[in-house]
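Visitor: Take the sequences, apply the hints, and build the full model.
As you go down the protein sequences, you meet chains P and F in turn. For the first sequence, full-length UniProt numbering begins at 1 and goes up steadily by one. For the second sequence, full-length UniProt numbering begins at 1 and goes up steadily by one.
Rather than coming from a laboratory, the hints here were simulated on the basis of the structure. Hints are not guaranteed to be accurate.
[Unchecked claim] Below, a list of computed lysine-lysine pairs in the BS3-like style, where the Cα atoms sit at most 30 Å apart:
1. P:399 <-> F:190
2. P:773 <-> F:25
3. P:527 <-> P:629
4. P:399 <-> F:183
5. F:25 <-> P:7
6. F:129 <-> P:403
7. P:399 <-> F:129
8. F:194 <-> F:234
[Stated by the list, open to error] Distance ranges between label pairs, derived from CB positions:
9. F:88 <-> P:363: 52 to 60 Å
10. P:295 <-> F:96: 35 to 43 Å
11. F:198 <-> P:14: 46 to 54 Å
Virtual Cβ for every residue (Gly too), placed ideally from N, Cα, C.
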Amino acid sequence: MRAINRKLFRDISNMWGMVFVIALMIICGSATYITFLSTLDSLRQSQESYYQEYYFSNVFASLKRAPNALASRVREIEGVNRIELRIQSGVNLEVPGFDEAVTGMVTSLPDEREPLLNRLYLREGRMPNPYVENEIVLGDGFAEGHGLSTGDKLMAVINGRKKELTIVGIGLSPEFIFQGQPGNTSGDLLRFGIMWMRRSPLEAAFDMDGAFNNVVLSVTRGTNEKDVIVQLDQILKSHGGLGAISREDQNSHFFITEEFKQLKQTATIIPTIFILVAAFLLNVVISRLVRTQREQVGILKAFGYTNYEIGIHYSLMVSVIVLIGLAGGILLGHDLGQRLSALYASYYRFPFLHFEINLWDLIAASFICMAAAYSGVFFSIREAVTLPPAEAMRPEQPKIYHKSILEKMGASDLLDQPTKMILRQMGRQRMKIVFGVLGVAFAIALVMLGRMSNDSVKYAVEVEFRQANLFDLGVSFREGISKHAIMEIQRTPGVYYSEGYRSVPVRMIAGHRRYLTALEGHYTNMKLRQILDTEQQPVEIPVEGLLMNKTLGEILKVESGDTITVEFMDGSGRMAQIPTVGFIHQYFGLGCYMNIEKLNSLLPEKSLVSGSYLAIDRAYEDEITAFLKESPFVGEIISKHRMIERFYESTAQTWLIIALFISLFAGATAFSVVYNNARISLSERNRELASLRVLGLTRGEISYILLGELAIVVLVAIPIGFFIGWGITYFTLWSMQTELYRIPMNITAATYALAALVVIVSAVFSGWLVRRKLNRLDLIGVLKTRE
Amino acid sequence: MNANVANTIAHETIFSTRNLTKTYKMGVVEVQALRGIDMEIYASEIVVLLGASGSGKSTLVNILGGLDTATAGQVHYRKVNLTEASESELTSYRRLSVGFVFQFYNLIPSLTARENVAIVTEIAEHPMKPEEALALVDLEERMDHFPAQLSGGEQQRVAIARAVAKNPDVLLCDEPTGALDSKTGIIVLKALQKVNQSLGTATVLITHNVVIGGMADRIISLHDGKIAGIRENKVKRLPEEMEW
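Guide: So, in structure tokens, the structure goes:
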């Protein structure tokens, strides 16, 4: 090995502490980048090939009932490729040993062939035999959640009749990668089951002989799905069409897309922060190294080493540090990526999800780290190279100090000498201090970002569920039923109060803008729900006109007082002109609300309710749920308290883990920045501090001089970090919001406290490490050497 | 300090060493820096420790100043046995009783001359004012300059002011003129002599320069870690009379 390369490795091993913390930042940056992006790529690839190989449909439509013969008209729509007519319906399920209300969705399979679209991947078992009544393929998520496998039996209430079903296969389909109740924002593998049956038993159960209530289509490449949807709606209109949707509105696809979007955000923001910090640190360390090696550079050049060779020497040093970091980052990223993919695979059901590091991500990560590092140290290396040898061999001129701003303002007499030293030192090394403050501030921002989902979504859930929804149980009926049923429910033991509502699928039309949503009718004096206006104050349901979700108003460009056309998608084909009298605030969904009697007057069946809210004695919750489950009309039963509990158990738990991870990384960041600054100060001021020890200052007193600077850096960084964290959180939430999802900005005091605590603890720890070095200062050595 | 007190302690012993030995381990090699030193240093005197490089003079002063510890033997500062003192006892000894002057000044670059003195007076028990100490070395005009704005001789005089400002019992100077030309060196020596005369501070001065021995009360010569001879000056020379 050439001597100059030996010097390279010796230099690196002499400052291993600092090399380690820089490498740590690069590890964090490249590992998070690789973890998130490669997971995203793996998910995307799995999704793409799954969609392709299992013929995921492009257009989805539900309707009341239409004869199979209608298929020929659908086929005539230009651009339609494959069609599958299906029977699809909600069912109630009973899982032995699981008391809560479980609903499901059953989809028909053609009797004697594979479905043309949304084919099944069988994980185990076989397809149901044709014409056999009670065989099902069960969704793998649900089966896994309940520990069910082939041969097990399941009780189901199908169209009001109880049936015992035999699981013959466990499978999944591209239609249900995300398995959750429609309208529910989080997946639920325990309380919502997907299943498939052959068509003929379902025809019999739902009285659908020769008919269908659901159709899916694929379209040829280049076809405008919107045109297909308009024509399909036209055809299905007289058969109770509920409005066709494209993939982007399909429940499962929508959630995956959202998830990908969030993952992409994370993969961009978090690694960027780490790599920026690593670039700061590299810059500080290398420029200091070059300064301390001035004489060596001069000697090398005097011996005839070229600028190029010396430039390469320091570049190699940077490269070695980056490579150490990258190697660690790849290992950690591979491990974390596998874990993250496995976590996703438990929520999103893919037949295969193979995590592998995408080569391009790897190259990109390496390139970004190298580029960040080199841009960070470019000037220091240039300085080393351009120094004339004679000048380089002369020791650097004594440093000029100035009085600090505080002293110039007249505070001089108030400050003791050690404090003056701290302030003047900081004044002389402004860039180092700025980088230090920024580094610590970014660490704080990271913690806040890690807690973002937790804070903001928790807040949204609190507002939506505790403030807006005052009921204990929410029951939705399979079809609209007479409002007298509400009285019946109210007579159930344990029920204090019950009030009905009606929800109708509608298409809102304002000029050429249209939007598919639900219009809910409520009683003007309803007690169990609150509609909140844009100031989050409760508003009453108006007697005339409707209240519209503010975001929907923006989409449709409707202003208060405008009249809007409402097309009822309940199969009646009716239209109405309704004035918009106000806007309301919601974090999830895009609903519209009006008086139930007014709504009923616009529809053919006048006194129906489609659901009910219940206030109950919670001691009787299980009994009431069991009683309601028996009713053939009852679809979904939501227990608000259990839902919130579940939310805190599962989702919040996941977020806690993520926040913990990010906090650890943030702690590493703060530690790296503070430790590096302290180590550099120590090596630069070694002599000064040793002289002070000789003059009789105690270890504590010289620690104050060195660590006081760090304390100031951390204290200044905390408010700046809060500000940066606020900004990044705001930006992230803003870029993540969709039509259906508007997560409010809410940063709790606990988050601010945690962020501050993480950096303070890290700073104290690195301070402690440096303090140990201070205790071992060589008092005699420094007195004999020239500065 | 008034003249009476100065008289009564004139022959008081400040330091005494008995069979003082120091061995350094440099890798596998053992270096015997001191091989059994027996000597005394008295209040108010100027002692020059004379010796070539490697004779052990710096090691001896480092041990006297509480910067280093002996391998064997005894050192007493007044009644205190320095060989048995703890780290924090040594710190407080340096803080209150000893003033140091180094070859390379070791000033704090971020503090002005006055503040470099103040950093010591702020922690001492009976200090003089920093201005007073600087006046003693004729630097009252340059008090608010930073080290980078002072010449080498001026920096060394600040270091002397800093060392005496706490009113120490003893001033330990390790090659105080080593980094200076002779003209500037003489100015520094004058400052040391003035301090000794006006404050009565015992002064131990390390040098390899025989000429400087002329200003001492006693000259202790060291050779190869041992005392080669102790000589008393009948007539002390003034620094300005010296030349090298």
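Visitor: Take the hints in turn and mark each one as holding or not.
Guide: Verification of the hints:
no. : hint                       : result
1   : P:399 <-> F:190            : holds (29 Å)
2   : P:773 <-> F:25             : holds (22 Å)
3   : P:527 <-> P:629            : holds (24 Å)
4   : P:399 <-> F:183            : holds (26 Å)
5   : F:25 <-> P:7               : holds (27 Å)
6   : F:129 <-> P:403            : holds (21 Å)
7   : P:399 <-> F:129            : holds (27 Å)
8   : F:194 <-> F:234            : holds (19 Å)
9   : F:88 <-> P:363: 52 to 60 Å : holds (57 Å)
10  : P:295 <-> F:96: 35 to 43 Å : holds (39 Å)
11  : F:198 <-> P:14: 46 to 54 Å : holds (48 Å)
Comparing the model with each numbered hint stated earlier shows that all of them hold.
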